[in-house]
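K.L.:
Here is how the chains run, residue by residue.
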Amino acid sequence: MGDSLMDGVTSIMLLPDDCLCFIFNFLDCRTDRESFGLTCHRWLNIQNLNRRSLQFPCSFGIVGPSSLSQSCTDINSFHLYRILARFQQLEYLSLSGCVEILDSALSYLKPYGSKLQTLCLDCCFKISDYGISLVGDGCPFLTTISLYRCSITDAGLEALANACLALRHVNLAYCPCISDSGLRALSQGCRELQAVKISNCRGVSGVGLRGCSSTLVYIDAECCNLEPEGIMSIVSGGGLKFLNIASLSCSNFRNGLEAIGNGFAARLKILNLRTCRSVTDASIVAIAKGCPQLQEWNLALCHEVRVLGWASIGSNCHNLKKLHVNRCRNLCHQGLQALRDGCKELSVLYMSRNSRISDIALELFKLYRCNVEIKAEEVMSIGPNWDGIDYDEST
Amino acid sequence: MLLSKNSALESKDNEIFEVEESIAIQSELIKTMTTMVNSKAYVNERNQMVPEARCRKQANYHVEQNNKIVDEELSDWESKFFEVDMDDLHELFMAANYLEIESLLNGVTKRVGDFIKACKNVEVIRQTFGINNDFAAQQEEEIRKLNSWNHI
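Order-wise, the sequence lines are chains A and B. Sequential numbering of the first sequence, starting at 1, is according to our numbering. Sequential numbering of the second sequence, starting at 1, is according to our numbering.
Watch out, some of these pointers could steer you wrong.
As the list claims (entries may be wrong) - Simulated restraints on C-beta separations: (1) Val124/B - Leu49/A: 19 to 27 Å; (2) Ala118/B - Met380/A: 29 to 37 Å; (3) Pro176/A - Lys110/B: 49 to 57 Å; (4) Tyr92/A - Lys120/B: 14 to 22 Å; (5) Ala266/A - Glu102/B: 44 to 52 Å; (6) Asn132/B - Phe78/A: 26 to 34 Å; (7) Ser148/B - Cys21/A: 23 to 31 Å.
To be verified - So these bits of chain A aren't anywhere near chain B, every CB distance computed over 10 Å: (8) Ser11; (9) His79; (10) Ser181; (11) Asn225.
If you're looking for bench data, these hints aren't it; they were derived computationally from the structure. Glycine included, every Cβ here is placed at the ideal spot set by N, Cα and C.
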């Protein structure tokens, strides 16, 4: 700093807007940016035009002094109006946790929110199908939407799918009113769909995803009431790379998972079958043969997998890097030997509380496969997040 | 340090200066105009520009110097180059923006940005740059309140 700057009194105001934008974008901390905007109207306008993302203090994952200063139960229609009117170039908006927001607040999306690409409405319990239709109306270029625990129904999902054709990532976890017909509308209407999270949607059997686009690479259907026909529908797109069907509710599933190995899921890389207690050797053999690109497979608590299954994994899973076998009651030394002799790419084995594995068997494994790390932890969630997926044709 | 290929550039105030072509094309604008004029056949090309001020000369000077100095001295030289008053900074900014010279633009942006960062509050920014406060007290209060609502 220096006195020399005092001489050029109004020069900076003669700079064109795009130069001021350069200066604004150079500032990287919130305080500086806010100070910039408070100097005068023109600089405030520059600040407003350059804001691309916004989320409220109580959104999950944000912990800090600001999260204590205002409860999200205070956020209402008026707040949303002020925010959207001020920042009209927003591309990312999160209202997650704003439990008092009503449908009518979303009517401001049409005049002000048309550039939005990502919208999060997690736990917005008072939003109904009408509110979702306002989202479709106002944000036609939406690519990512999160509706965790929302009371959207199939009709609402259909309206959304018909309006937002560019949707790529959709989170419907814990939406109790969604069923296969809503899913069908989504998968048929949005042909660029890449990732769908339908975990804990009790009304979903999976058939709604039949004929989905090959761009659908990620499905998270943990704790769903899937049926064998639903599994076939899930893989029918042909592009699946990440599949999570942990805690499969249906106990009569038995060989129903064979469909995963039927060839449609040949690109599968990560498969989570944790706590699928009734999955049989026949299914394991089919999957091991039909999914040659598998890199990570979670079979923790899959008690019905026996020697035949383990042997098939050993001899067919040439790309497997990580395998989870925690608490598998029927992993015996023969099975472990089959894994030991196969799976050449294995680098991590998650193993704990396997009652039929003796210390000797374990030591033999370590001796022969000293490059495999053995970890005792139980990992519930594997693979990337639903909103971090990018479809890549070449991989 | 003349190479075989030189550009002759004329500024609006009719000053002509010779610049090595490799330096001249660091300006995106000149690069575009050069390719349009098809300079390959000519050893000395003459490009007519329509700049607005003498600051063009400074811009070219910077680019020329940039290429002559060894790396260690470069950052020293750069910080001295930008230690000018606001009027000159303004001219440099306009030149860099018009001629589309990225390195110059980054340098000037950083200089101004550092000044803003060094200011403790809004009032100091206004004083430093001579900005007139055109907010009513209530408007300013509203903006501060809006700022406190949300998180980046």
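K.L.:
Is the nearest Cβ of chain B still more than 10 Å from the Cβ of Ser181/A?
P.N.:
holds (37 Å)
K.L.:
Using the beta carbons of Asn132/B and Phe78/A, state whether their distance is inside 26 to 34 Å or not.
P.N.:
holds (31 Å)
K.L.:
Once the closest CB in chain B is found, is it more than 10 Å from Asn225/A?
P.N.:
holds (38 Å)
K.L.:
So His79/A supposedly isn't at the interface. Is its beta-carbon more than 10 Å from every beta-carbon in chain B?
P.N.:
Since the minimum Cβ distance to chain B is about 7 Å, His79/A lies within 10 Å and the statement is violated.
K.L.:
Looking at Ser11/A again, its CB stays over 10 Å from all of chain B?
P.N.:
violated (4 Å)
K.L.:
In this structure, is the beta-carbon distance linking Tyr92/A and Lys120/B contained in 14 to 22 Å?
P.N.:
violated (31 Å)
K.L.:
I want to verify a distance hint. Is the separation of the beta carbons of Val124/B and Leu49/A within 19 to 27 Å?
P.N.:
Between Val124/B and Leu49/A, where Cβ atoms are some 24 Å apart, the hint holds.
K.L.:
So the hint says 29 to 37 Å: do the beta-carbon atoms of Ala118/B and Met380/A match that?
P.N.:
violated (48 Å)
K.L.:
Do Pro176/A and Lys110/B keep their Cβ atoms within the hinted range of 49 to 57 Å?
P.N.:
Check passed, 53 Å falls within 49 to 57 Å.
K.L.:
Quick check: does the Cβ-Cβ distance between Ala266/A and Glu102/B fall within 44 to 52 Å?
P.N.:
Given range 44 to 52 Å: holds, Cβ gap about 46 Å.
K.L.:
State, for the Cβ atoms of Ser148/B and Cys21/A, whether the hinted interval 23 to 31 Å holds or is violated.
P.N.:
holds (25 Å)
The structure does not agree with the numbered hints 2, 4, 8 and 9 stated previously, though it agrees with the rest.
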